[in-house]
Amino acid sequence: MSKALDSLERAGKHAENTALVVLLAAMIGVSVFQIVNRQLLSGAFTIAWADEFVKFTVLWLAMVGSIAACRDNKHIRIDLITHILSGRIVSWIKIVVDLFAAAVCAMIAWQAWRLVREEMSWGDTVLDNVPLWIAHAIVPLAFVLISYQFLVRVLKLLLDVLRPAESRP
Amino acid sequence: KIATVTPEGSQWMEQMRASAREIKERTEGRVQIKYYGGGVMGSDQKVLSRIRIGALQGGAFTPSALASQYPDLNLYGLPMVFDSEEEAAYVRERMDATLQAGLEDAGWVNFGFAAGGFAILMSNKPVRSLDDLKGKKVWIPEGDTVSRYSMEALSLSPVTLPLTDVLTGLQTGLIDIVAMSPIGALVLQWHTKVKYITELPLVYTFGFMAVDKRAFNKLDDADKAIVRDVMEQTYAKLNEVNLVDNRGAREALINAGLQSVAVDMSEYDRVRDVLMESTAELGEEDLYTPDLYTQMLAHIEEFRSRQAAAVEQTF
Amino acid sequence: MILLSLLLIVLAILGAPLFVIIATSAMVGFHNSGTELMTIALELMSIAQMPILTAIPLFTFAGYLLSESNAPQRLVRLTNAMFGWMPGGLALVCLAACAFFTAFTGASGVTIIALGAILYPALKQDGYGDRFNLGLVTSSGSLGLLFAPSLPLILYGVVAEVSIDDLFRAGIVPGLVMLVMLSGYSIWVNRDNRRPVSSFSMREVGAALREAIWELPLPIVVLGGIYSGFFAVSEAAAITALYVFIAEVLINREIAIRDLPQVIRESMVLVGGILMILGVSLASTYYMIDTEVPQKLLAFVAGLVSSPLSFLVLLLLFLLVLGAILDIFSAIVLVVPLILPIAAGFGINEVHLGIVFLAAMQLGYLTPPVGLNLFIASYRFEKPILHVYSATFPFLMILLLSVILIAFWPGLSLVFVSGQ
Ligand code: NA
Ligand code: NA
Chain A
292 MSKALDSLER AGKHAENTAL VVLLAAMIGV SVFQIVNRQL LSGAFTIAWA DEFVKFTVLW
352 LAMVGSIAAC RDNKHIRIDL ITHILSGRIV SWIKIVVDLF AAAVCAMIAW QAWRLVREEM
412 SWGDTVLDNV PLWIAHAIVP LAFVLISYQF LVRVLKLLLD VLRPAESRP
Chain B
1260 KIATVTPEGS QWMEQMRASA REIKERTEGR VQIKYYGGGV MGSDQKVLSR IRIGALQGGA
1320 FTPSALASQY PDLNLYGLPM VFDSEEEAAY VRERMDATLQ AGLEDAGWVN FGFAAGGFAI
1380 LMSNKPVRSL DDLKGKKVWI PEGDTVSRYS MEALSLSPVT LPLTDVLTGL QTGLIDIVAM
1440 SPIGALVLQW HTKVKYITEL PLVYTFGFMA VDKRAFNKLD DADKAIVRDV MEQTYAKLNE
1500 VNLVDNRGAR EALINAGLQS VAVDMSEYDR VRDVLMESTA ELGEEDLYTP DLYTQMLAHI
1560 EEFRSRQAAA VEQTF
Chain C
332 MILLSLLLIV LAILGAPLFV IIATSAMVGF HNSGTELMTI ALELMSIAQM PILTAIPLFT
392 FAGYLLSESN APQRLVRLTN AMFGWMPGGL ALVCLAACAF FTAFTGASGV TIIALGAILY
452 PALKQDGYGD RFNLGLVTSS GSLGLLFAPS LPLILYGVVA EVSIDDLFRA GIVPGLVMLV
512 MLSGYSIWVN RDNRRPVSSF SMREVGAALR EAIWELPLPI VVLGGIYSGF FAVSEAAAIT
572 ALYVFIAEVL INREIAIRDL PQVIRESMVL VGGILMILGV SLASTYYMID TEVPQKLLAF
632 VAGLVSSPLS FLVLLLLFLL VLGAILDIFS AIVLVVPLIL PIAAGFGINE VHLGIVFLAA
692 MQLGYLTPPV GLNLFIASYR FEKPILHVYS ATFPFLMILL LSVILIAFWP GLSLVFVSGQ
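First to last, the sequence lines map onto chains A, B and C. Counting from 1 along the first sequence, just add 291 to a position and that's the residue number in my numbering. Counting from 1 along the second sequence, just add 1259 to a position and that's the residue number in my numbering. Counting from 1 along the third sequence, just add 331 to a position and that's the residue number in my numbering.
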């Protein structure tokens, strides 16, 4: 069980890194090309969709970055409880809190999915004929994955808490 | 709930709120309109999405914002189609109803268009001819397809920048030339960063309110009639007020020390021919309905021959 | 409703991620006011419609590259060589650089991630206390908001129909007042952190300059590029990212290519965290606009005003609350048109009002619970948020003092404004 989770973890991390590198490189490349094209090539190769592309890249970077932040447990929390309390009670509190986070993120994912489905029916396009909903589809996807990560954390905590006392390190 | 970019406290906003009060009174409180001014509801795209998910019921738009919904809104704003306010008024008298009907078919109730004046060229070096534009950095708004095609037709290289960067851009020389209506230029204070205006009627601008038809249809017929009545009057009034304001704004630009540059008439015709040739092809890009385009040109022709006849008579 | 708010506060204290708390409160608000819940997704997606945000990933990446390289050491050596004889020398360099940078980026917190990334480790190496460093870098993030060509100044000019050039001039002295007061505090706190004047050596300055040869052109390239019209303020971030990549990875080779994915991951984790908070805050801002919270608050405060003096006092209180709950751009657009006529009634100059407004709103970046810069600092330097709150507190108090000074001494704002 935990072996399967570990290999999923590695694959997920690798996928995030690849996506982040590609997105950031594309963003820098397109932005710099716009400047070079305007100033040195006197506008010979203007890319009409460049500005829009850069702005959508910010959204994608934010969403993928947020998934990664969740995996690395880097989202900001008020870290008070672990200083005051210790032992099993902390684990139980973490379980409750992360379950809550998973539920809220699932709710956002659901609302985002509803919106994306609406957008399919509107037929708007961006970036030289890419459907708008495809550019936005990262949002429900990201929240599904974020919600999933909170659940995995809950599962790990539960396994740990419910383990018999003598097998604890 | 209606969104607009018009600032709170402006005269336009006062008018809109006054009309909202009148509607509330005449419908005995059944119809209440709340305005969200100053662009707090976000970009045009965001406002449009808010309306479509039902969080807002309408918005005040410029044509390009709804052109994806109803492309014929591009027609009046094609570059250099109109020579004068009078010509635009003549054509609009004959075509506004058609465009309004088209908007209704696309799902939007509206109450008439309010003129915003012609966008004119503003620059730091005098622009008298097409050659004065060559090699210069001309700003166009992000996502403005018609402007982009026009630039290509004139073999100019446009610079797209967010609206917020234009003032600094003019100051540093990142852009040399902008096109904007006198009112808009005064509000955004771009006039403080340029020295010359070239007053050829470049692009006809206008604004209008569009209300979601699904929301509007929830009103009963009597209330619909009252809303239409009040709002149509308001927009007719705004249309008049704007023409006067724009003339005032033009005066203010001159008083602020900007120099008006005259364009050679033959040069004007040359540029217009190039632009008209390129815009004639935009129908194939689905940027308007070709039939309506032909109709508009016929009205313009009609107006010009009447004018010519009138001039002959006076001699 | 109150019960639910309490429950959310408890969950926040128990350690629920803050973006989850903000999102929940927004969604509960939507539910109660009958707003379509899809709005939360719409706000998150509108991250792709704000050109101002494109600078964030680019500056963050550049900041991480700089901090992973040996640039902080080189900066310390250089400032020590030049200003080592002065108490708090590096702190002053830090304040000035941040103010200058913020004037261009408009204080969306990018100062902390771009400059803070290099200054924070540098301050530490130079022997400054950790709490001081954290507070200094966090509060410097919005310093410079009053200097041209900062975007909030331009926006105020457009909304209030006040000359933007006048505002640019009016911001100079009040901005300097803030800078000088923070500098004074920094010198006083670090009065013992200095070397003897006799240790100053031109040779050491030269060596330090040579060592930093690849970083030194960066500000010149960026500022020169903006001022000469080579690229826009919004494009400067891309140039910076590319330049830093070339300097640190390709030329100095202090970061191996194979480590790059990890550096990018770390920097984009920060971007994801910040933009997620920003996105859900957009949703709660929408809720407040929709239910007219700022207008109701203002109407309440305006009812208490009786004299120009009480107007200024109440205005400051109102703006501090407003800054804590609303971002600066929404606040300008929503509130400025409403307070202008009231201020005019009490004979307050509208240019002065603008400076007071922005100076007070600047504090909003640092006020708990939702000061954006506090979050950014917490993410960037991996410090608990409560620790950031308390480290920033003394700086917040000094800034508050300067805002009071600016508000009650109109001459500071109006000295360079023509026709006053
Ligand atoms: Na901001
Ligand atoms: Na705040």
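Note that these hints are calculated values from the structure, not bench results. One should not assume that every hint holds.
Think about it this way: if two alpha-carbon atoms lie no more than 30 Å apart in a straight line, the pair counts; the simulated BS3-like pairs of lysine-lysine are [to be verified]:
#, chain 1, residue 1, chain 2, residue 2
1, B, Lys-1283, B, Lys-1293
2, C, Lys-627, A, Lys-365
3, C, Lys-455, A, Lys-365
4, B, Lys-1293, B, Lys-1477
5, C, Lys-714, B, Lys-1260
Verification of the supplied hints:
For the given pair, Lys-1283 (chain B) sits about 11 Å from Lys-1293 (chain B) by alpha-carbon distance, which is consistent with the 30 Å threshold. Under the criterion of a C-alpha separation no larger than 30 Å, the hint pairing Lys-627 (chain C) with Lys-365 (chain A) is inconsistent with the structure, at around 37 Å. With a C-alpha separation of about 23 Å, the suggested pair Lys-455 (chain C) and Lys-365 (chain A) falls inside the 30 Å cut-off, and the hint holds. Using a Cα cut-off of 30 Å, the hinted pair Lys-1293 (chain B) and Lys-1477 (chain B) holds, with the two alpha carbons roughly 17 Å apart.
At most 30 Å may separate the alpha-carbon atoms for a hinted pair to count; Lys-714 (chain C) and Lys-1260 (chain B) exceed this at roughly 43 Å.
In this structure, the earlier hints numbered 2, 5 are contradicted, and the remaining ones agree with it.
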